[in-house]
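Chains as they are written, first to last, in our numbering: chain A, 1 to 432; chain B, 433 to 768.
Don't read these hints as lab results, they were simulated from the structure.
Note that the structure is predicted; figures quoted are calculated from it, not measured.
Keep in mind that a hint or two might mislead.
Heads up, simulated DSSO-like pairs for lysine-lysine below, C-alpha to C-alpha not over 30 Å straight-line [claimed, not checked]: (1) B:K670 <-> A:K215; (2) A:K179 <-> A:K111; (3) B:K585 <-> A:K205; (4) B:K719 <-> B:K670.
Given next are the chains, with one letter for each unit.
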Amino acid sequence: MNRNLALFAGVALLFVLTGVFQSWNLALSILNLSLISAIMALGVNIQWGYAGLFNTGIMGFAALGGLAVVLVSTQPVVEGWQAGGTGILAGLFLGAASIAAAIFAYNRLPKGRVRTWGTLAIVVGGFFLFRAVFDPAVTAVEAFNPATAGNLGGLGLPATLAWPVGGLLAAGAAWAIGKIALGLRSDYLAIATLGIAEIVIAVMKNEDWLARGVKNIIDMPRPWPVPYEVQLQQSAGFVDWATRWGFDPATASSIVVKLCYVAMFGAVLLAVIWLSERALNSPWGRMMRAIRDNEVSAAAMGKNVTRRHLQVFILGSAVVGIAGAMYTSMNGMLAPGEYNPLRFTFLIWVMVIVGGSGNNWGAVLGGLLIGWLWLIVESVGPAVMGALVAGLSDGPLKTHLIDAAQHMRLLTMGVVLLLVLRFSPRGLIPEK
Amino acid sequence: MDILNALVAFLNFVFVPALAYGSQLALGALGVTLIYGILRFSNFAHGDTMAFGTMVTILVTWWMQSVGITFGVLPTALLALPFGIAATAAFALGTDRVIYRFYRKQKAAPVILVMVSLGVMFVMNGIVRLIIGVEDQNFADGGRFLISAGDFKEMTGLAEGLAIKGTQAVTVVTAIVVMGLLFWFLQKTRTGKSMRAFSDNEDLALLSGINPDRVVQITWIIAAALATIAGVLYGLDKSFKPFTYFQLLLPIFAAAIVGGLGSPIGAIAGGFVIAFSEVMVTYAWKKVVTYLVPESMAPDGLVQLMTTDYKFAVSFAILILVLIFMPTGLFKGKSV
Numbered sequence: 001m002n003r004n005l006a007l008f009a010g011v012a013l014l015f016v017l018t019g020v021f022q023s024w025n026l027a028l029s030i031l032n033l034s035l036i037s038a039i040m041a042l043g044v045n046i047q048w049g050y051a052g053l054f055n056t057g058i059m060g061f062a063a064l065g066g067l068a069v070v071l072v073s074t075q076p077v078v079e080g081w082q083a084g085g086t087g088i089l090a091g092l093f094l095g096a097a098s099i100a101a102a103i104f105a106y107n108r109l110p111k112g113r114v115r116t117w118g119t120l121a122i123v124v125g126g127f128f129l130f131r132a133v134f135d136p137a138v139t140a141v142e143a144f145n146p147a148t149a150g151n152l153g154g155l156g157l158p159a160t161l162a163w164p165v166g167g168l169l170a171a172g173a174a175w176a177i178g179k180i181a182l183g184l185r186s187d188y189l190a191i192a193t194l195g196i197a198e199i200v201i202a203v204m205k206n207e208d209w210l211a212r213g214v215k216n217i218i219d220m221p222r223p224w225p226v227p228y229e230v231q232l233q234q235s236a237g238f239v240d241w242a243t244r245w246g247f248d249p250a251t252a253s254s255i256v257v258k259l260c261y262v263a264m265f266g267a268v269l270l271a272v273i274w275l276s277e278r279a280l281n282s283p284w285g286r287m288m289r290a291i292r293d294n295e296v297s298a299a300a301m302g303k304n305v306t307r308r309h310l311q312v313f314i315l316g317s318a319v320v321g322i323a324g325a326m327y328t329s330m331n332g333m334l335a336p337g338e339y340n341p342l343r344f345t346f347l348i349w350v351m352v353i354v355g356g357s358g359n360n361w362g363a364v365l366g367g368l369l370i371g372w373l374w375l376i377v378e379s380v381g382p383a384v385m386g387a388l389v390a391g392l393s394d395g396p397l398k399t400h401l402i403d404a405a406q407h408m409r410l411l412t413m414g415v416v417l418l419l420v421l422r423f424s425p426r427g428l429i430p431e432k
Numbered sequence: 433m434d435i436l437n438a439l440v441a442f443l444n445f446v447f448v449p450a451l452a453y454g455s456q457l458a459l460g461a462l463g464v465t466l467i468y469g470i471l472r473f474s475n476f477a478h479g480d481t482m483a484f485g486t487m488v489t490i491l492v493t494w495w496m497q498s499v500g501i502t503f504g505v506l507p508t509a510l511l512a513l514p515f516g517i518a519a520t521a522a523f524a525l526g527t528d529r530v531i532y533r534f535y536r537k538q539k540a541a542p543v544i545l546v547m548v549s550l551g552v553m554f555v556m557n558g559i560v561r562l563i564i565g566v567e568d569q570n571f572a573d574g575g576r577f578l579i580s581a582g583d584f585k586e587m588t589g590l591a592e593g594l595a596i597k598g599t600q601a602v603t604v605v606t607a608i609v610v611m612g613l614l615f616w617f618l619q620k621t622r623t624g625k626s627m628r629a630f631s632d633n634e635d636l637a638l639l640s641g642i643n644p645d646r647v648v649q650i651t652w653i654i655a656a657a658l659a660t661i662a663g664v665l666y667g668l669d670k671s672f673k674p675f676t677y678f679q680l681l682l683p684i685f686a687a688a689i690v691g692g693l694g695s696p697i698g699a700i701a702g703g704f705v706i707a708f709s710e711v712m713v714t715y716a717w718k719k720v721v722t723y724l725v726p727e728s729m730a731p732d733g734l735v736q737l738m739t740t741d742y743k744f745a746v747s748f749a750i751l752i753l754v755l756i757f758m759p760t761g762l763f764k765g766k767s768v
């Protein structure tokens with residue numbers, strides 16, 4: 001226990017040192033991103049540590065969380081809705097209905113040619129029906145003021161509400177993918193989730209009616225109760241307070257905003273960790289570990305392995321979705337182009353493995369530590385590289401090396417992952 | 433009604449590109465499937481192995497171009513290819529010696545090996561970006577077209593042109609040669625036979641005196657060669673960008689699974705299935721349909737099932753269908 005406390009203290013020290021030597025603004029923004037990553041790592045740990053499920057689609061679930069922020073908190077575009085809102089909803093409904101009908105037909109019809117052709121006919125017919133209703137509506141919606149809108153917008157509800165909704169969206173996607181890929185061999189889930197993540201991003205990039213695609217949505221409302229920097233700077237009380245303590249009001253306002261986020265993310269993190277610790281130490285948690293360690297004997301004891309896997313897959317993905325929503329609402333913008341599997345999927349895996357798979361505190365430690373490392377290298381890396389190559393004469397090689405410094409972190413992460421897997425496969429805080 | 437022009441348009445916009453793309457995917461999937469058959473894990477680093485080999489080939493190509501070595505009408509990259517293969521094979525053998533061998537001796541679970549391959553993927557990705565950067569690199573030279581659209585129109589007098597890029601022809605020919613060599617190796621040579629034996633039943637293969645380390649080494653060399661060739665052909669045909677190569681993982685895995693993991697012939701079939709479906713689903717059929725139907729019925733829209741941005745969705749959908757209906761793939765692969 002003391003060792004674990006020391007590890008957490010060490011990570012805390014890293015953040016403090018960043019604050020002292022760089023700036024507190026930087027330290028806090030790294031902390032915020034690390035907290036979000038730590039929550040994602042917790043979600044992955046639920047899947048991998050509790051059940052041994054290998055999910056490589058974390059990016060997709062995080063992006064769905066981000067989409068929820070747009071759908072919940074932005075103002076509805078009334079003209080868009082009038083132009084084609086019902087058409088889009090009807091189209092989506094038709095699409096979903098034809099998939100459901102196809103599944104129903106496949107399950108109910110007697111095996112044979114009738115079933116094959118019947119199901120195929122429903123799918124193909126449903127697709128063309130869907131396109132016939134959906135396409136004109138999309139064109140109509142996207143035609144309205146494409147420079148600033150062109151989408152349907154959201155519900156205009158408080159942004160904080162988007163976090164659980166993000167979890168729900170991710171859970172829904174996890175249910176669909178889990179239904180198909182769970183119960184097959186382990187690598188198939190990895191490949192299927194890798195694919196679903198790419199498709200989620202492709203949809204978000206291309207369906208402009210949904211969230212404006214690559215035109216991005218910016219200036220989304222902040223989650224309650226986080227204030228805006230400008231408001232703080234304009235409030236006489238705040239400026240008074242800041243000057244009394246000897247702070248520059250502009251810096252102080254952005255630090256206060258970041259501290260608000262730290263408090264909110266920290267609260268969510270603690271809630272998730274409390275719930276998962278409770279679950280892990282309950283009969284349910286023991287059952288999950290029994291399934292993970294020996295599926296055959298757990299099945300022989302009457303446990304429904306596939307159902308439990310589906311359950312835990314949905315739970316873990318929902319946690320990732322919540323974290324994804326928090327990420328987007330902190331940024332205040334949704335930019336589908338910035339989702340990169342190396343950053344949003346595989347980096348989270350490094351966190352889980354380094355921290356200690358199967359241990360929630362380990363996942364959190366890994367999230368904070370690797371999150372810090374990843375972001376500090378971004379700001380310090382080029383400077384270090386610049387110092388290293390200072391002796392070189394100016395030229396293309398020098399520029400190339402300084403530009404390349406940012407790619408050093410991929411290399412570093414790979415080496416860290418390989419070293420931990422080899423020499424300390426149970427991670428920094430091993431499972432009890 | 434103009435069947436001939438429709439056919440030419442189909443060949444030009446669908447068949448030829450899909451054939452070239454399918455050859456590239458098939459070569460990539462062969463590497464994945466061999467690693468899976470012998471080493472028994474899905475190698476997530478394969479896309480980045482392709483990128484690494486292509487990068488070395490590009491660097492050697494640039495050097496050759498700078499000292500004035502060319503390959504006539506063929507791309508110089510083909511001359512540089514052996515260097516790329518050698519470097520990639522050396523790298524693959526190195527990673528096996530330093531990293532994978534430890535887990536093999538431990539008989540680690542396949543999913544652990546998949547994770548280890550993630551680490552290797554990160555490292556290779558970092559190296560490639562560090563050396564050549566993240567931008568698009570175009571390194572094709574030599575003859576641009578085997579047949580250009582204009583020449584074809586003049587030759588045949590048709591309204592539609594059929595253009596075959598030099599790189600497309602090179603891709604298909606190289607792929608056929610490489611596949612032929614690979615199958616000859618697997619079927620006829622002693623080493624190839626021992627590889628197949630090892631893939632079918634490890635214990636029996638060990639009992640009959642097959643040296644596992646040698647089989648594994650040969651597998652890595654072949655997989656590295658296939659990855660490099662696939663990567664260079666893809667880069668010649670389109671362009672080289674590290675991130676695109678990483679993303680190729682999905683169609684390549686889909687091809688290997690559709691064919692049946694561990695089955696070489698399946699990997700080839702899977703590559704073409706994926707490539708043709710991807711191109712056919714994302715192609716706007718307006719031109720072809722306009723030739724085929726009476727003028728009054730000519731379509732207004734693009735007659736496109738999905739926009740090209742959703743090409744991943746196509747490989748994914750096929751993957752899912754195969755997983756549901758034939759989990760072992762078209763050519764009975766393994767399922768561990």
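Hint check results:
Using a Cα cut-off of 30 Å, the hinted pair K670 of chain B and K215 of chain A holds, with the two alpha carbons roughly 26 Å apart. For the proposed pair K179 of chain A and K111 of chain A, the alpha carbon gap of about 21 Å is at most 30 Å, so the pair holds. For the proposed pair K585 of chain B and K205 of chain A, the alpha carbon gap of about 39 Å is over 30 Å, so the pair is violated. A C-alpha spacing of about 23 Å is found between K719 of chain B and K670 of chain B, which places the hinted pair at or below 30 Å, so the restraint holds.
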